[in-house]
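Visitor: Residue numbers (the working numbering), protein chains in the order written: chain A, 1 to 495; chain B, 1 to 495.
Misleading hints may appear alongside valid ones.
Unchecked claim - Simulated crosslink set (EDC-like; lysine to aspartate or glutamate; CA at most 16 Å straight-line): (1) B/K98 with A/D255; (2) A/K357 with B/E81; (3) B/K296 with A/E81; (4) B/K98 with A/E338; (5) A/K296 with B/E81; (6) B/K296 with A/E82; (7) A/K296 with B/D437; (8) A/K357 with B/E82.
What the hints assert, rightly or not - Across the chosen pairs, the derived CB separations fall in these ranges: (9) A/N237 with B/P335: 23 to 33 Å; (10) B/E216 with A/K296: 45 to 55 Å; (11) B/Q167 with A/Q78: 48 to 58 Å; (12) B/T186 with A/V374: 51 to 61 Å; (13) A/E82 with B/A38: 50 to 60 Å; (14) B/D436 with A/D80: 37 to 47 Å; (15) B/E338 with A/D168: 23 to 33 Å; (16) A/N237 with B/T336: 20 to 30 Å; (17) B/G376 with A/R93: 23 to 33 Å; (18) A/D80 with B/A422: 44 to 54 Å; (19) A/R93 with B/R441: 34 to 44 Å; (20) B/S380 with A/L322: 39 to 49 Å; (21) A/V374 with B/A10: 57 to 67 Å.
Hints are computed from structural coordinates only; laboratory data are not their basis. Predicted, not measured: the structure shown is a model, and the values here were computed from it. Glycine residues also receive a C-beta, built at the ideal position from the N, C-alpha and C atoms.
There are 2 protein chains.
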Amino acid sequence: MFESAEIGHAIDKATFDAAVPELREALLEAQYELKQQARFPVIILLNGIEGAGKGETVKLLNEWMDPRLIQVSTFDQQTDEELARPPAWRYWRQLPAKGSIGIFFGNWYSQMLQGRVHNAFKDAVLDQAMDRALAMERMLFDEGALIFKLWFHLSKKQMKARLKQLQDDPLHSWRISPLDWQQSKTYDKFVRVGERVLRRTSRDYAPWYVVEGADEYYRSLTVGRILLDGLQAALRNDARPTPHPHAAPLTSSLDDRGLLDSLDMSQVLAKNDYNEQMAVEQARLSLLMRDKRMRKHALVAVFEGNDAAGKGGAIRRVAAALDPRQYRIVAIAAPTEEERAQPYLWRFWRHIPARGKFTMFDRSWYGRVLVERVEGFCSSADWLRAYGEINDFEEQLTDAGVVLVKFWLAIDQDVQLQRFQAREKIPFKRFKITEDDWRNREKWSQYRDAVGDMVDRTSTEIAPWTLVEANDKRFARVKVLRTINEALEAAFAKD
Amino acid sequence: MFESAEIGHAIDKATFDAAVPELREALLEAQYELKQQARFPVIILLNGIEGAGKGETVKLLNEWMDPRLIQVSTFDQQTDEELARPPAWRYWRQLPAKGSIGIFFGNWYSQMLQGRVHNAFKDAVLDQAMDRALAMERMLFDEGALIFKLWFHLSKKQMKARLKQLQDDPLHSWRISPLDWQQSKTYDKFVRVGERVLRRTSRDYAPWYVVEGADEYYRSLTVGRILLDGLQAALRNDARPTPHPHAAPLTSSLDDRGLLDSLDMSQVLAKNDYNEQMAVEQARLSLLMRDKRMRKHALVAVFEGNDAAGKGGAIRRVAAALDPRQYRIVAIAAPTEEERAQPYLWRFWRHIPARGKFTMFDRSWYGRVLVERVEGFCSSADWLRAYGEINDFEEQLTDAGVVLVKFWLAIDQDVQLQRFQAREKIPFKRFKITEDDWRNREKWSQYRDAVGDMVDRTSTEIAPWTLVEANDKRFARVKVLRTINEALEAAFAKD
Numbered sequence: 001m002f003e004s005a006e007i008g009h010a011i012d013k014a015t016f017d018a019a020v021p022e023l024r025e026a027l028l029e030a031q032y033e034l035k036q037q038a039r040f041p042v043i044i045l046l047n048g049i050e051g052a053g054k055g056e057t058v059k060l061l062n063e064w065m066d067p068r069l070i071q072v073s074t075f076d077q078q079t080d081e082e083l084a085r086p087p088a089w090r091y092w093r094q095l096p097a098k099g100s101i102g103i104f105f106g107n108w109y110s111q112m113l114q115g116r117v118h119n120a121f122k123d124a125v126l127d128q129a130m131d132r133a134l135a136m137e138r139m140l141f142d143e144g145a146l147i148f149k150l151w152f153h154l155s156k157k158q159m160k161a162r163l164k165q166l167q168d169d170p171l172h173s174w175r176i177s178p179l180d181w182q183q184s185k186t187y188d189k190f191v192r193v194g195e196r197v198l199r200r201t202s203r204d205y206a207p208w209y210v211v212e213g214a215d216e217y218y219r220s221l222t223v224g225r226i227l228l229d230g231l232q233a234a235l236r237n238d239a240r241p242t243p244h245p246h247a248a249p250l251t252s253s254l255d256d257r258g259l260l261d262s263l264d265m266s267q268v269l270a271k272n273d274y275n276e277q278m279a280v281e282q283a284r285l286s287l288l289m290r291d292k293r294m295r296k297h298a299l300v301a302v303f304e305g306n307d308a309a310g311k312g313g314a315i316r317r318v319a320a321a322l323d324p325r326q327y328r329i330v331a332i333a334a335p336t337e338e339e340r341a342q343p344y345l346w347r348f349w350r351h352i353p354a355r356g357k358f359t360m361f362d363r364s365w366y367g368r369v370l371v372e373r374v375e376g377f378c379s380s381a382d383w384l385r386a387y388g389e390i391n392d393f394e395e396q397l398t399d400a401g402v403v404l405v406k407f408w409l410a411i412d413q414d415v416q417l418q419r420f421q422a423r424e425k426i427p428f429k430r431f432k433i434t435e436d437d438w439r440n441r442e443k444w445s446q447y448r449d450a451v452g453d454m455v456d457r458t459s460t461e462i463a464p465w466t467l468v469e470a471n472d473k474r475f476a477r478v479k480v481l482r483t484i485n486e487a488l489e490a491a492f493a494k495d
Numbered sequence: 001m002f003e004s005a006e007i008g009h010a011i012d013k014a015t016f017d018a019a020v021p022e023l024r025e026a027l028l029e030a031q032y033e034l035k036q037q038a039r040f041p042v043i044i045l046l047n048g049i050e051g052a053g054k055g056e057t058v059k060l061l062n063e064w065m066d067p068r069l070i071q072v073s074t075f076d077q078q079t080d081e082e083l084a085r086p087p088a089w090r091y092w093r094q095l096p097a098k099g100s101i102g103i104f105f106g107n108w109y110s111q112m113l114q115g116r117v118h119n120a121f122k123d124a125v126l127d128q129a130m131d132r133a134l135a136m137e138r139m140l141f142d143e144g145a146l147i148f149k150l151w152f153h154l155s156k157k158q159m160k161a162r163l164k165q166l167q168d169d170p171l172h173s174w175r176i177s178p179l180d181w182q183q184s185k186t187y188d189k190f191v192r193v194g195e196r197v198l199r200r201t202s203r204d205y206a207p208w209y210v211v212e213g214a215d216e217y218y219r220s221l222t223v224g225r226i227l228l229d230g231l232q233a234a235l236r237n238d239a240r241p242t243p244h245p246h247a248a249p250l251t252s253s254l255d256d257r258g259l260l261d262s263l264d265m266s267q268v269l270a271k272n273d274y275n276e277q278m279a280v281e282q283a284r285l286s287l288l289m290r291d292k293r294m295r296k297h298a299l300v301a302v303f304e305g306n307d308a309a310g311k312g313g314a315i316r317r318v319a320a321a322l323d324p325r326q327y328r329i330v331a332i333a334a335p336t337e338e339e340r341a342q343p344y345l346w347r348f349w350r351h352i353p354a355r356g357k358f359t360m361f362d363r364s365w366y367g368r369v370l371v372e373r374v375e376g377f378c379s380s381a382d383w384l385r386a387y388g389e390i391n392d393f394e395e396q397l398t399d400a401g402v403v404l405v406k407f408w409l410a411i412d413q414d415v416q417l418q419r420f421q422a423r424e425k426i427p428f429k430r431f432k433i434t435e436d437d438w439r440n441r442e443k444w445s446q447y448r449d450a451v452g453d454m455v456d457r458t459s460t461e462i463a464p465w466t467l468v469e470a471n472d473k474r475f476a477r478v479k480v481l482r483t484i485n486e487a488l489e490a491a492f493a494k495d
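Extracted from the complex, chain A is given alone in its bound form (with noise of 0.2 Å):
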């Protein structure tokens, strides 16, 4: 969930100052409609890792924009008079009327994250927590609040550094305080739970972003975007309550670098080392697939990736190691006519396997946010809710002991348009490269926004995505096979 916001963003000074100004009027120009036609509050919800870049934000929102019209609020211990109220009592009291803007700085969600991550309570807890964060958003956007919660990120490195910085600088050490350090230590677990909470409570009504905190300049033109696209399709949409313009990309990218950019397509893996290494995990799968602790355990791979990326080679050598009454490939073409009569999670729940089989998907659910979301075989509501049914549909698979691995089988263009005459040449398989794939291929820069958007959505603890570079089939072979085997191993552990 967090992976795009973990590859280094950064915008440059010169850029930076050269957007600034632009970005500054058309903020402070939206601030003043939205006070003008007083139809609506904006609600900022501010949450994320220690030391990315919370607090300098607010305070540059309110360089950049009348800071008489933005009310910033924290949240931290309870008054005495809050004390004798209902929690939510001290949230209503900061409530920003129609037309003006309230920061909520240490909300809700700050409380929860950090009672779980302390042990204050367990899963069941917080998900009655997030069920009432959900019930109060719900009821502000009915009516007509514009909600917007942002999650500041840092990878474990960044925050260590900056942490590191903040202290050494004596300008700001006032900063670091042993909360911050504690939570340094818990990072993993911020994280964990950070995830979960992101994963439930991001909906179209209210949906997070996440922006990655490192590079000042990039987390700062970030922020102002997103709140200035959000408020004008507002202002512009008179409609009650609002629909959230908003619900994808989970992360926007203002330095056109995404997930996929950040993969090495050079990793290389030769003919020797591939028959040895090969070897060694087609073993090793046949063992763990016999271990009895697979009794406990269901396997199911999935298989996505670019057109001519390998996926077929890579399930075959997978099959290899494996006897046949073990496994079942399911490929995913257009639906049926009785699959078309159902909901479309359908057509993959009746293939689930039971415990000790494996089943790999040739394609899957996934073509609902990539294929029909680029061809526009549905609309943009449908695959939008997708990432959340998606969820929660993984979730039950790994509750019940499945094991669930995901591949993203990525080449480059060159690398696809060789694939694809080298195909055109070969007489048993051409049958392989259709219209379709050409045409596919003309939309790759749409395919690659929707791939970054889906791992960024459904890359969960729990059923994480492994983006495969598959520029060289041997490298990308053994890569799947090795972290089937782990992922079994890990699962096995756990028991």
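Since the structure of chain A is provided, determine the placement of chain B on it from the hints.
Guide: Structure of chain B alone, referenced to chain A:
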């Protein structure tokens, strides 16, 4: 929540026999139209009290409609195949295809009700189960499904009589399993958990209908009507997903009897008795408010009622018992400009008393589902969502230790007329009667329906409504004070 389904709704055989042929024909026609359009499936969930007629209703629906297009699924013990897969797999397997009807007998709600009633888990886990159910239903709705959730209800007395009658009947005694009898013992708990489930899972896309099950004719006709109205509306509306046409009333009343009709309005209190009882109850309240256990609680009393029902007089009698520093009276009129710039509940949240204090609301947040609904001051979407928001709000109050009592002061139309006329003759009371009052009077039956829906949807175990027979002011005032005292004592006893 079940109040309206315990008043002994009944329809005589002649009326039933006269109504059935037309209903059957219309149902059959709708069913064929459903098949023809094949645009959406219909899913009917059956739950409720044992012996309230779930089984008979399924049988009847299969008689009335074409059973080839109805698929009845029961979910009892999980099969081996089901046990080897995620819990939801069994429901996915049985989903009706577009154009057909699926009846789910013993569905996800049965599982969670049984589990909670038999203490297999706590409320937090029940809440998680409800979330999962709602996510499933939301997905089904987004995919176009028309969902009916029917709760067959019996009062405890009705249930006992019903079980006895079935047991005594040699033809039917096979129906009574040990589980049923056990349920008779756990009736209270089942109803309490059931209420929590209904309160939290009744949504516009999948609302609950509560059907009183004691009278076979009433029950059957009611179910037939609900299905027919819902089906016809969905068949007419070709937007997808189809917004569900019925979100209110929760309880449909075919015999034209409402909750208010079941009050005994002839109750009176003689002057001597009144003086004595009033003195006792006022002294009791005074003591309770000074009890040290009051430090853990706050008290909120809501006064609603017909115009001229005597709210003001009742409030004065309560206040007379107290030190003015202990209580506040908040009279709710049209919202101020500041209040209009905030979400609807904001103006009530600001008056929530701190612990140890008491606030009386002379009219309240229920205005939204009474006057605003009837007069069209808000959209139907607004007042429909208000039920859920109010339940959520009140749950937050009671969770924080607030004791909440809610009064509906009911008078007859005749009594109101006398009081209006009397007021017009008394100079110092003339200000109390306005054109509005006469206008409201003309909408008597609309208000009666709104009050019925309000009580059905917002009378909960944690915040029940007290209906006060207020034709006799003395009777009403004593009942109000006594109810407050009993609520405080009950809360103290639980500490």
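Visitor: Indicate, hint by hint, whether the structure satisfies it.
Guide: Checked hints:
1. B/K98 with A/D255: Outside the cut-off at roughly 46 Å; violated.
2. A/K357 with B/E81: Roughly 12 Å separates the two Cα atoms, so the pair holds.
3. B/K296 with A/E81: holds, 14 Å
4. B/K98 with A/E338: The hint holds at about 9 Å.
5. A/K296 with B/E81: Holds, at roughly 14 Å.
6. B/K296 with A/E82: holds, 14 Å
7. A/K296 with B/D437: Distance ~69 Å between A/K296 and B/D437 Cα, so the pair is violated.
8. A/K357 with B/E82: With a Cα-Cα distance of about 14 Å, the restraint between A/K357 and B/E82 holds, given a limit of 16 Å.
9. A/N237 with B/P335: 23 to 33 Å: holds, 25 Å
10. B/E216 with A/K296: 45 to 55 Å: holds, 49 Å
11. B/Q167 with A/Q78: 48 to 58 Å: holds, 56 Å
12. B/T186 with A/V374: 51 to 61 Å: Since B/T186 and A/V374 have Cβ atoms about 54 Å apart, the given range 51 to 61 Å holds.
13. A/E82 with B/A38: 50 to 60 Å: The hint (50 to 60 Å, Cβ to Cβ) holds, given that A/E82 and B/A38 are roughly 56 Å apart.
14. B/D436 with A/D80: 37 to 47 Å: holds, 42 Å
15. B/E338 with A/D168: 23 to 33 Å: About 48 Å separates the Cβ atoms of B/E338 and A/D168, which means 23 to 33 Å is violated.
16. A/N237 with B/T336: 20 to 30 Å: holds, 28 Å
17. B/G376 with A/R93: 23 to 33 Å: holds, 31 Å
18. A/D80 with B/A422: 44 to 54 Å: Holds, since A/D80 and B/A422 (Cβ atoms, about 49 Å apart) stay within the stated range.
19. A/R93 with B/R441: 34 to 44 Å: Taking Cβ atoms as reference, A/R93 and B/R441 lie about 39 Å apart, which means the hint holds.
20. B/S380 with A/L322: 39 to 49 Å: For B/S380 and A/L322 the Cβ distance comes to about 58 Å; the hint is violated.
21. A/V374 with B/A10: 57 to 67 Å: holds, 59 Å
Checked against the numbered hints listed earlier, the structure breaks hints 1, 7, 15 and 20; every other hint is satisfied.
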